[in-house]
Amino acid sequence: MSKSTQRIKTIAKKEVVEFVRDWRTIVAIIIIPILMFPVLFIVFPVLLESEAAELDNKVVNIEIQSNQYPMYLIESFNESYTKLTYVNATFNDSLSLPLSDLDRVRNMEIDAILRLNYTDDIWYYSVIHLSTSESSTEAKNRIISSLITFENNITELRISEGGLEVDSTLDPLRWDGDMSKADVATEGEQAGLILSLFIPLVLAIWTFSSAIQPSIDMTAGERERGTLEALLGLPCTRNELLLGKWLGVATITGVGVLLQIVGLLFAIGYLASSDFIGIPALSIGAIILIIISIMLFAVMVVALELALAMRSHSVKEAGSILGPAIILIIFPALFTQVINLDGIESFWFGIPVINILLALRELLLDRVIIEHVAIWFASSVLYASLAAYYAAKQFKREDIVTTLS
Amino acid sequence: MAVDNILLKISSVRKNFNEVIALDNVSFDIKSGEVVGLVGSNGAGKTTLLRLMSGVYRPSSGSVTLGDDTPVHLMRDHLGVVPESTGLYSRLTAWENIRYHSRLYGIDDSVSWKRTLKFAQSLDMEENLSRYTKGFSRGMRQKTALLRALAHGPKVLLLDEPTAGLDITSARTVRSLVEQIKLEGGTVVYSTHQLFEAQQVCDRIIIIHNGNVMADGSPEQLINDNGCETLEEAYVMLTQAKARVRFEDSISDKGLTKIWNKLFRPKTPNLQLNQDVMEDE
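For the record, the sequence lines run as chains A and B.
Just so you know, this note's numbering puts 187 at position 187 of the first sequence, and the rest follows in order with no gaps.
Position in the second sequence (first residue = 1) + 405 = this note's numbering.
Mixed in with the good hints there might be a few duds.
[What the hints assert, rightly or not] The calculated lysine-lysine pairs, modelled on DSS-like cross-linking and capped at a C-alpha distance of 25 angstroms, are:
1. K316(A) x K396(A)
2. K436(B) x K414(B)
3. K663(B) x K13(A)
4. K316(A) x K667(B)
5. K519(B) x K393(A)
6. K587(B) x K436(B)
7. K316(A) x K58(A)
8. K519(B) x K316(A)
9. K3(A) x K316(A)
10. K587(B) x K316(A)
11. K393(A) x K316(A)
12. K659(B) x K9(A)
13. K519(B) x K396(A)
14. K587(B) x K667(B)
[To be verified] Far from chain B by the CB rule (all over 12 angstroms, computed), these chain A residues:
15. D167
16. P172
17. E229
18. A286
[Claimed, not checked] Per label pair, the in silico range of CB-to-CB distance:
19. R463(B) x M295(A): 20 to 26 angstroms
20. G622(B) x K13(A): 43 to 49 angstroms
21. K396(A) x S542(B): 34 to 40 angstroms
22. R463(B) x V43(A): 46 to 52 angstroms
23. R463(B) x L328(A): 48 to 54 angstroms
24. E584(B) x V381(A): 53 to 59 angstroms
Don't read these hints as lab results, they were simulated from the structure.
We treat Cβ as the ideally placed atom computed from N, Cα and C, and that holds for glycine.
Here chain B stands alone, though its shape is the one from the complex (with noise of 0.2 angstroms):
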């Protein structure tokens, strides 16, 4: 489905994180209808791009706009995000954490259960609806997960790293319904670290390094743009500056906790170890 106009407009964002800067100068903009990957190594800042276009953070600078130039944060009832974690209620059925986030964006019960129930039976968990979700595998609460931001019928899907951790069929699941959606005219910001699920699934992809985007084109583009033969090649070629660390593990003690934790922090052994083990030999 071939479509032009903008949906989602990302214009010379920059976000730092006190010295810390997790996106420089970030610019791209997303159709309506296209399916768009999001690729990069840990740390890269796929998810505070994700975190900036589902309005959970604002940028330091430049703009995340939704439609006619509206900041994103206001038009996030046009959003349906599922984040890494899932963010599911263990002490919610799987339907009551649906219609829960579903109310929140106004929609009628009658409504989300609806959609609900279509998508339900492409991903097989009509079933488990009204389960609590405790007990559900990894998979079943990403389905979960999807299910409950597609409940109000966004005009967007934000996923990150829908398929960490799941199992072969699971995964394969929710890359079905990624397709559906996309034949169904729906936009899809789909962030992975696996190249070949990216090329599987979206029209587009967008590397991410360090906090800049390193390219932004079809996988047939970037393979073809770059002299390579795979994706993976094109990735290696563009991504060649060693990955930074993420901005989460970045994060230090301060005050009263940093002199606390330097008092006991354990001694590591030095590098002399392999010289002592090559010795002993």
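Isolated chain A, as found in the complex (with noise of 0.2 angstroms):
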């Protein structure tokens, strides 16, 4: 290994270890990015399960004021924890008034009030609620529930009357056989559709905010404290100092980032496990294109963050810089989302940030076009160079010895 090899591995070693001790880094680089999909994916959706329980074991007590009260809605709603009181009722106004009832629903006295005014064959209706209340959302959510299956009940019984046959007519228009048979999608094609939705987006602003922080301390932080002064004074030439430095900061962006998508491909794991997604099919070419795609982003981000935190004279003026230039990627990377990628013109592979977004999301289906992946990959090699020179132009820089500190 020659002297230079040498002094990068040092200073890239040294740039971890000291990062890693402290522990809310830890916290930051590995409890964070493994848990955040499994919590999002799987907590998540379980503990609404659970919310969802609970407001359907609720009691709610729901007024029915009318001038008529047809049996069939009345036992619909008795299937469920309700409680019901009978008004009757005659309207002059609008139903959806709340009248003398606006009170007595606000200080939740009653959940809701359904009120039913049967005229000329019609039932006119309206749910006085709350909907700030989830009581009275719930229970006019099961009103509503309810005034559906007695609708039904009604269409049905007039269609039968008028001597039709109801489910001809209701539903003249039928999907034959297994819907999901009929796509020539493969499982594996429509995973990578879900995650190329997800992957991008992940990997594109988490690779440029977990860098935020190891860039900083690496940089402006080392000015403040003094230290960099020590380490000018070494053997060492600035390009040795960038590229330790510039692999410290991607060893510890590159393990958030990875232990983040671990935690999404066990997520998706999870949820395949019941049906709602597969496992993407991917050739061996479109993985190995993802890893050089990803690479040439993580150079290109990480140089231009610890060059634009080198040029900061102290550790508030970079992150006063780096924190609001998170903008430059989210917004290319919800813009990529809805970018069409059949049919997509080729310069869009030109543009810095759009151009590896888009490239995960082709490679992510599987898609490997020669073309595109000439486009994206000469210019993100450009893009990762101009930042690495620029990196390179700003470590060399006499004055970043010195702090206003």
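Using the hints, put the two standalone chains together into the complex.
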């Protein structure tokens, strides 16, 4: 191993060791990334389900104000946890006006009021409710559900009274057979499509955001703490210093991104076991190109962040530049999600950030289009080189040794 | 130890930072085995000169060479540097800090460990080598930085205000170490603004003022040449011009930051204050 390589390795190793010794870093680069998607995809739905079950078992108070009481409707209510009260009523105004019931519903004396007015074969109705109350919303949902059943019953009855066959009248157009079998895309391709909506976004945003802290710490932080001056007096060149620090930030960021993908795949595996999503089918070529595209993106992003942080005179200044700079990733990342990949113009693969995100989307669909690959590869190499050149220029500045603090 | 061979040569060095001239036409030689004091007020140019000697800065004109006229930035493995800020990593132990620099100098861990232990005994630091430097006092940080600068066996040791902010005992220990290095034939450049310290430790003193070398000689020589009784008198006589501000303090805002800061600059009360107080009395 040459002396230069040895020095780069020493710098990178020290940066990683020093960074990892802060327990907050472990939380940020290991715990959060690995837990984020499982929490989002597994725990969160479980929580939602349990909340929904709790609401289903909740007893709600519903008042029915009507000039007639259809049995079908009343019976459907009795099936759930519902306390019904009945008030005979005639209506002169619009049913939707709360009038004297306003305070009763607002004060939650009653969760919801169903008003029914039967006139000339039509049931007019309204539900007086409080949308900011969960109980009231649940009561309203139960009323609507019962009303739909009630309406279906009336419709079927009237069709049959009219001498028509109910089923064919209500459902004259039908899909024949198993709908999923008509899709010629394989399960793996379908899984790739779903993943292509998540992974590029996650990779781009997480790579940029998780590199911010180490980039600042290893440049503006060193400058502010005065450790950079001691380092600049050593026999290593500024380029070796940049490469060592780049390797350090890239390792920390890489571990974070990798763990996040592990978390994502675990969550997908869990969902796959419930037939929600399959395992994506990718060729070896696509996998290699995915790795190359991520590496090129990481070279560019980390070099750019190191350069911007090194330009700053203090940690605070670096933070105020790099924090908002994440917009440069978020907007293209969101924008890329809506670009149609079928028949896409090749120039998109030459635009910075967008090129890698589109490449990832295409590759996750196992589409290896040589022209696109050539364009995103060449443009990414160019952008990564420019970012590295800019970073090298910043590291060679003499004033990086001075600090304003 | 009388040695004649020139180790470090500073020839007609000028250093500009944009319009600011930090050093102007500075020339002197440092011979092997000498302990040379760079003495000057804040902003005189001592730190800039040390950074030029350590290869952190390059001269705007002139040259700083080591040994056989090789530019100093190509010979940094022969230098040991202790900057004013010490530059220790708080999440590394003292030994890890030392080892990190030694490895970057290309020195084997066992060699740097032996050298570290030797000097750690003089500085009473053996017990602290395995401790994280986070909780270190200023004195302990300075001692660790010294050990780090010595671990690879440098030809020249560059110390930027090594006793600044230290208690009496720690400052004395640091000076003793410099004495020890001197006895072993080492070469030291010692920046300070403490005249008594320079007189005590250094064979030769270079007085720098506003970026110029005002005097260069042994303490006795400086006193006698200026017809003074003490070094302090000689220093005051040589540095009568008003000291300028430090380069770092003269950095001004640019572009949007300048406009922004101008908008929100707080108003300072004018000098009517004294008059008002007098009137109140």
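Those earlier numbered hints the structure runs against, lowest number first: 3, 5, 7, 8, 9, 10, 12, 13, 14, 17, 19, 22 and 23
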